[in-house]
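Position one of the sequence shown corresponds to residue 29 (my numbering), numbered consecutively onward.
Hints are computed from structural coordinates only; laboratory data are not their basis.
Any given hint could turn out to be false.
[What the hints assert, rightly or not] Calculated cross-link-like contacts (lysine to any residue; reagent style SDA-like; alpha-carbon spacing at most 20 Å):
1. K103 - S158
2. K124 - E97
3. K141 - F123
4. K114 - N126
5. K73 - I50
6. K103 - E115
7. K124 - K160
8. K51 - I35
9. K103 - I146
10. K141 - E156
11. K124 - A142
12. K76 - N41
13. K141 - S108
14. K114 - K160
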Amino acid sequence: MQATLNIYRERINEIELYFAAIKQLYETQGSVEVKLEFHSDDFLKMLKANVLLMVYNLVEASIMGSILEIYDQLKANGYSYNDLRKEMRDIWFSFKFNQVYDKSAHYNSYREKALEIISGIVNSEIIELSRKATDISGNLNADKIR
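Turn these sequences into a full structure, and let the hints steer you where they fit.
Now the structure itself:
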């Protein structure tokens, strides 16, 4: 979890630096000795709008990093399907099943994947999940976080 916290702190520092730069631009906006193109209201509005993207990236990176660290811990500690809560079981099952999901997939493909899933459960295989299991792809919202 330390890696995720480090990334979080770095992003917070970037946002604070960005805010300081915007504040400085606003403070020098009316000064006579400093007349720059980027003192226009439109440009300053664009800079403020960029803050929203930076905050979104902070949230997404923190959530994604945390989830991936949980997945790594599941594998590192040797957890199997039966060791997991229902929510994690559902994530694992969806992840495994989606590995074969395709409109043109043949019945045997689904059958083989079902057998692989059942075998993994029965044999208490160690859980392995990747970023694809998160269902987060640039459209993070509160429902997906929950």
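Hint check, failures only: 8
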